[in-house]
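**Q** What follows is the residue order along each chain.
Protein chains: 6
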Amino acid sequence: MDQYKESDTQIDVSSLEKGPDSLEFGYDKAYAELPTVEECERAEKAGYDGVIIYCFADPGLNAARERLTIPVVGLCEASIHLASMLGSTFGIMAAGSSDMFGSKRIAILNRMQGYGFRHKCASIRTLDVEVLDLVKDHDKLIAQLLIEGREAIQIDGADTIVLGCGGMLQIGENVSRELNAPLIVPALAALKICETLIQMNVSQSKIAFPLPRKKKRLS
Amino acid sequence: MDQYKESDTQIDVSSLEKGPDSLEFGYDKAYAELPTVEECERAEKAGYDGVIIYCFADPGLNAARERLTIPVVGLCEASIHLASMLGSTFGIMAAGSSDMFGSKRIAILNRMQGYGFRHKCASIRTLDVEVLDLVKDHDKLIAQLLIEGREAIQIDGADTIVLGCGGMLQIGENVSRELNAPLIVPALAALKICETLIQMNVSQSKIAFPLPRKKKRLS
Amino acid sequence: MDQYKESDTQIDVSSLEKGPDSLEFGYDKAYAELPTVEECERAEKAGYDGVIIYCFADPGLNAARERLTIPVVGLCEASIHLASMLGSTFGIMAAGSSDMFGSKRIAILNRMQGYGFRHKCASIRTLDVEVLDLVKDHDKLIAQLLIEGREAIQIDGADTIVLGCGGMLQIGENVSRELNAPLIVPALAALKICETLIQMNVSQSKIAFPLPRKKKRLS
Amino acid sequence: MDQYKESDTQIDVSSLEKGPDSLEFGYDKAYAELPTVEECERAEKAGYDGVIIYCFADPGLNAARERLTIPVVGLCEASIHLASMLGSTFGIMAAGSSDMFGSKRIAILNRMQGYGFRHKCASIRTLDVEVLDLVKDHDKLIAQLLIEGREAIQIDGADTIVLGCGGMLQIGENVSRELNAPLIVPALAALKICETLIQMNVSQSKIAFPLPRKKKRLS
Amino acid sequence: MDQYKESDTQIDVSSLEKGPDSLEFGYDKAYAELPTVEECERAEKAGYDGVIIYCFADPGLNAARERLTIPVVGLCEASIHLASMLGSTFGIMAAGSSDMFGSKRIAILNRMQGYGFRHKCASIRTLDVEVLDLVKDHDKLIAQLLIEGREAIQIDGADTIVLGCGGMLQIGENVSRELNAPLIVPALAALKICETLIQMNVSQSKIAFPLPRKKKRLS
Amino acid sequence: MDQYKESDTQIDVSSLEKGPDSLEFGYDKAYAELPTVEECERAEKAGYDGVIIYCFADPGLNAARERLTIPVVGLCEASIHLASMLGSTFGIMAAGSSDMFGSKRIAILNRMQGYGFRHKCASIRTLDVEVLDLVKDHDKLIAQLLIEGREAIQIDGADTIVLGCGGMLQIGENVSRELNAPLIVPALAALKICETLIQMNVSQSKIAFPLPRKKKRLS
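Protein sequence lines, in the order shown, are assigned to chains A, B, C, D, E and F.
The working numbering puts the first residue of the first sequence at 16, with every later residue one more than the last.
The working numbering puts the first residue of the second sequence at 16, with every later residue one more than the last.
The working numbering puts the first residue of the third sequence at 16, with every later residue one more than the last.
The working numbering puts the first residue of the fourth sequence at 16, with every later residue one more than the last.
The working numbering puts the first residue of the fifth sequence at 16, with every later residue one more than the last.
The working numbering puts the first residue of the sixth sequence at 16, with every later residue one more than the last.
Rather than coming from a laboratory, the hints here were simulated on the basis of the structure.
Check the hints yourself; a few may be wrong.
[Claimed, not checked] Pair ranges (Cβ atoms, derived):
1) B:E166 x C:K33: 19 to 29 Å
2) D:Q185 x C:V28: 50 to 60 Å
3) C:T84 x A:Q169: 26 to 36 Å
4) D:D17 x E:D154: 51 to 61 Å
5) A:S30 x F:K20: 25 to 35 Å
On a predicted model such as this, the values are computed, not experimentally measured, just so you know.
Note that the Cβ used here is the ideal one computed from N, Cα and C, for glycine as well.
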C-alpha cells in the first residue's frame, strides 16, 4: 500500500493474536469482534491518529467507534461509499470456496441493507478462491476476477467493481482497464478515507457512538 | 414466564459466565457475542430443541444460527415480527439512563434497518431506568412506561408498544389495558416463536446460515 | 393439522356458504370478503379465542380485525413473518393454472408491498396445478414443488420456501429435506401464530383497528 | 363537476343499492366492494367508455380492473398521482370524526404504501367533520381545511394538499389560493384521468388484471 | 397528436434554436436546459395556458416550474405516472444506438429513483435505432419494439410498456394489441396531463417551486 | 483550504464568467450547468488531475463525468458520503434567506433521493443568511449555525452536521466542538475525495458515464 499512502502517513499493521484464521462466517465474526476492538483500543493508546479494521466484514466497527475517539474505518463501508460516487450500481467480488457462498452472500447483503446501499449493489459474486490461498493463486484469482467481473457488468448491470476481501491487494489497475470499469481495492479505500478523516480533523459522532461507561466485562 | 409457556415445554435459563454485566453499548455486544454463541452450542449438545438468546440486542444471533441446527430465536427480531402483525407501526421502549440513549437509539434503528422494519418503527423512547435497576424500580418503570407509551402513541403515531429490554418481564397486561394498545414483552415473544418453530419442525435456513467449516479459532 | 396444534387447542373448520369456489383473482376476493368477515363475527360470538382466515389471499383480514377483539390471523401474513425469521429472502410457490399467473403474481407482489416485505420476496412461482385439484394431483404437486423450489433457490436466490395456498397441507418435511431449505406451510404458520397471540393475551391494536360504529350496511 | 369535464363527456352517477351508508372503516369496505364491482360491470355492459369508483378508499378497484376492459379509475390513486406531479410531498385531509381517525389514518397509510407513495405523503390529518355532514357543514369544513392545510404545510412539510374524501366537491380554488398550494379535489382528478385514458385509448393491463374465468361465486 | 387532443385545445410546437441536435447524454442535457427554460418563459409571456417540455429526459423541468406559474409538464414524468395507474410494473423502451445505452440506462434509472418510481420500473431496454432515424426507420422500430416489448414482459416481468423517446409518435395501438399490454406514448401522456391540469385550474406548487428572485444571470 | 490539502496538491480556483451570481434555485442551476461543464473541459485540457465543482447543488456533475476522464467531484455528494460514515443520520444547514427555503429544501431533498440517502437525512434547516453575505456576516452565521445545529440534533435526531453551501469555509472545528458532533465542510470533503480518487488512480465509470459522441450542440 506504500505507493498509495501520503508521504507523511505512517502505516503499521498488527495481526490479531486471537480470533479465527480467516473471516468467512458470522461464526468467525463472533470470534473476531472482541480481539479486534481490543486491538483498536491499544492503537489509540499507542498514539495512532486513526484505525483501519482490515477485514471486509467490518468486524467490531461500531463497537470500536464507541470506545475510541480517533476515526475508525471499515473496509467494506469505505469501499461502497467510494464506489457509490463513481457509478450507479456496483458488483462485489467475494472470495472463498463457492459452497460457502450462500452464507457470505447473505452476510454481504445484510451489510448492504444495514449501510443503506442495498439498491446500489447490483451483484454479489464469488471468485471461488480460498481466502487463505489468495496470494499463492494469484493468476487464478485474476482470471476469475475478469470472468465474474464481466458477468457482473453484462448480466447483473453493475458499472463499478468492488473487491470483497482485504486479502486482494496486488490487483487493480490492469483488471480495471480490461473490464473498462473502476475497481475498488478495499484496503486502499479504507486507507484513503482514514487519511481523509484525520486531515479534516473529524471523527465518528459521539452522539451516535458515545463512550461506553465503565462496568464489569469479562472476556 | 411459566404461565405463558405450553404445558410440555421445559425452560432452562443459563447465565453467561463471561461477557458484560449488561448490554447497553455496541462495545458491550463485542464482549457478549462469543460467550453467547458458545452457550448456544452447549445447549444444542445438551439436547435442547431450541435456543432463545435472552437479550433485546440479539447478540450472536446469526453466528449461532450458522453453528446450530436447532432454531435460534432473538428477542428483538421475534418481538417486532409479532408487533408487525398486530398494527401498522410500533414504538420501542428502551431501558437505560437517558444520557446513553443516543447510542442505544442508533443501535436499535440499525437493527430495524437490518431486519427491514425501519418504516414500521414509529418511535424509539427511553424509560430512563438503569437496566440493572429494572427489578427494584418497578413502580417507576411502570409510571415511565405509561408516560412514554402514551407519547409514542399520541405524538409519534405508534399503535403497538414493544418493550426494548429482556429484563422487563412482570409487566404487560395492565399497562396494555391502560394504553389501549397491545404490548409485546420480548421474552414471551421469543418463547412463543421458539415453541412455534419447534412444533412446526422448521429451523433457520442452512442455505442462509451454513455450518461453519472447521478451522483454528482462538478465543 | 392435529399433530401440530397444542394439546389444549380445539380447532373447528367452517366453510363459507357464500363466496367463490376458490380464490384466484381480485374479483374472487370481492366475493369472499364480506362472507369471511361475517363468519369471523359468528366465531367471536360463539366464544372462540381466535380466528384464522384460511386463505393465502388474506381476504377481509383488516376488516375482521376492526370488528373483532379476539386475534384474527391471515395465512399469508403469518407465513412471511415466520419465513422472515428463518432466512434472508423467501420464494412463494403459488397454485393455479399458469395462464392466470400474471394476476396472481401481481396480487401477491402487492400484498408483499403492503406488508412491507417486498424486498425479502426473491421469487414468486406457480406450480401450475389448479387450486381445486391440489388434493387429487398430489404427486404432480410434489414434483412441481421440487422443480420450482430448486429454481427459486438457485436462480432467484431464495433461501426459504413459502407455499402460496392454504390447500397445500400434507406437504412439508420431505420436500423441505430434499430442498435443504425450510418450507413454510401457511395453515400451520397461521395456527401457531394464532395460538401464540392467544397465549400471550394480545390481540390486534384497537388504535389501528377500532371497532366500526353502528350504521346501515346493506348486503 | 360539469364545468371541469370536457364538452363531449357525458357523466352519469349511480348510487349503490347495497353497501354501507358511508365508507369510514375497513369493515365498511368489506360491505362496499362487491356491490361496487357489480355496478362497474353493469356500467361496462351499458356501454360506458370508462368507470370512476367514487370513493377515496378505492373499494373494489383491482377487482373491477380484472372484470372490465374499459378503464377503471379510483379517486385516491388518481389524486396522489396528480399531486406527485405538482410538488414534492403532499398532505391528505381526511373527513370523519376524529375519534375514528386512527383506523382511517392507517388505512390511508396502507394505501400509500400499496401504491408506492408512502415517502411522498408528508401528512395525514382529519377535518373532524362527519362524512355525511360534509354538505351541510360547509363553512366549518372550509375553516378546518384552512387550519389543517396550513399545519400540513408549515409543520408537516407538505407542499400540495389532497382532499381525502369524494364528498368534498364544491371546494377548491379559493382554499388553494389562501393556502398558496395546489389543492387536488379527488373527484375531479379521477374524472380527468378517466377522460385521459379513454382519449389515449389505453386501459388497465390485462397481464396485470386478467379477466377472471367463470366459476361459481355466490353472493 | 391532433386526434388525441381535445377539440378546444390549440397546440403549437416550437423548436429550440440552441441546444444539442438530440438529447442522448447528460452532456446533451447541459446544453438543452437553459434554452428549454427560456423557451418556456417565452410561451408563458405569449399567453399559453400550459407548457410541455417535449423530451423524455425532462430537461429543465423543475427550473421552468419555478419560473412559470402555468403548468409545466415533462414527458417522462407524465408517462410513468400514467403507467403506474395501469399495471404493477412497467418497462421502458429507450431509443438510440446500443453502445451508448449504459449512460442512457443510468440516466433513466436515476430519473426513476428521483421520481420515486424505481421499484415500479421492471425493465429498461434499448431499441437500437438512432434517435434522429426514428422516423425513416419506422418498420425496424416497430419490429424491435415487438421483440424488446415481449422480452420486457416475459423476462423482466413488466405488464405495461412506456416508450422512452418523444420522437416515437406514430406508434401505439397496433403494437399495444400485439403485446397485449398498454403502451404509453410519452407525447400523448404529457398532452393529456397538461390539458388535465389546465382544466382543473391547478399548477405546480409555488411552495415547492417558488419564483426565482431577480439577480444577474449571464448566459 | 491550504492547511487541509496534501503537500503535493496544487489547487487552482476558477470562477465562471457566465452563469448566475449565486445558485439558489433550480432556475439558477439551468444557467450554471453548461458554463460549469465547459470550465471542467478546460481544466482537463489544461492538464489537471481532477476537478471539483464548487457548489453544493452539484450543477453539471453527471454531464462533466461523461465528458471528462479525470475524476469529477461534487460538494454535496462528497459531503453526504463522508457524513454517512461518521454517524447514523445527518442534518444539512442550508444558506439563503428563509423565504426561498421551500424550493431549496425540496431541491436538497430531491438530491438526497437521487443519491439514495434520503433516509439518512434527518434534517434540512436554513441559516437565513444570504449566500452572498456569508463572508461579511460571519458572526451571525456562527450564531445561527449553533442554534439550528442544536435543533437538528435535539429535535430532528441528527447526529452529524453537513454545511449546505460551498461558501461556508472558515467554520468548522469550533462549531463542531460546541455541538459535540462532527461537522462536514463541503469544500474540504470534496477536496479530500478528489485527492483520494486521484491517488487511487480511479475515476468515474465510463460504463455509467460514457464519452458523449460528437454532434452539433449550439450554446
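**Q** Now, for every hint given, state plainly whether the structure supports it.
**A** Consistency of the hints with the structure:
1. Distance hint check for B:E166 and C:K33: the Cβ-Cβ separation is about 45 Å, which falls outside the suggested range of 19 to 29 Å.
2. A C-beta distance of roughly 52 Å is found between D:Q185 and C:V28, which places it inside the suggested range of 50 to 60 Å.
3. Taken as a hint, the range 26 to 36 Å is violated for the pair C:T84 and A:Q169, whose Cβ atoms sit roughly 57 Å apart.
4. At about 46 Å, the CB distance of D:D17 to E:D154 disagrees with the hint of 51 to 61 Å.
5. Range check, A:S30 to F:K20: Cβ separation about 34 Å, and the 25 to 35 Å hint holds.
Checked against the numbered hints above, the structure violates hints 1, 3, 4; every other hint is satisfied.
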